[in-house]
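Enquirer: Sequence:
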Amino acid sequence: MKTTIFCTLLMAISAAAFAQEKPAAAFVDFDAYEALVKQVKLHRAERLLLLEPFLAKAKEPYTLILDTRSKDMYDQKHIAGAVHLNFSDFTQASLDSLMAAYAGKATQIL
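Numbering-wise (my numbering), the sequence shown opens with residue 23 and increments by one.
It is worth saying that the hints were derived from the structure and are not from the lab. Backbone N, C-alpha and C define an ideal beta-carbon position, used for all residues, glycine too. Possibly wrong hints are sitting among the right ones.
What the hints assert, rightly or not - In the DSBU-like style, the derived pairs of lysine-lysine whose C-alpha atoms are separated by at most 35 Å in a straight line are:
1) LYS93 <-> LYS60
2) LYS79 <-> LYS99
3) LYS81 <-> LYS99
4) LYS79 <-> LYS63
Unchecked claim - Label pairs and their in silico Cβ distance ranges:
5) PRO45 <-> ARG69: 19 to 25 Å
6) ALA123 <-> PRO45: 38 to 44 Å
7) VAL59 <-> MET121: 38 to 44 Å
8) PHE112 <-> LEU64: 16 to 22 Å
9) PHE112 <-> LYS44: 29 to 35 Å
10) TYR124 <-> GLU74: 30 to 36 Å
11) TYR55 <-> GLU82: 32 to 38 Å
Please model the entire structure based on the sequences and the hints provided.
Expert: Below, the structure is given as structure tokens:
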């Protein structure tokens, strides 16, 4: 009898130890993200350049080539003159900060 009570108590205590709290709500609104992806897809399609026009624009004055790959990939190889801004850090504030370094002279970003 004592063994049964002991085992029951042990299982109850063990169950409490393994109980999990409800996970915190996600910081990402997936529906809003999906809607944004649809908007960006259309926006991107209107502005995507083929290689030859890209190379021609890259030679124009006041043009900034922005490389948003990881820092490791950028360090391995990038287009000459390209500036790195990691995609995961890409916000309006970080872009404004980058543009401030060019004193507003870079008028187009590739």
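Enquirer: Hint compliance check: list the failing hint numbers for this structure, sorted ascending.
Expert: Checked against the structure, the hints that fail are numbers 5, 7, 10, while the rest are satisfied.
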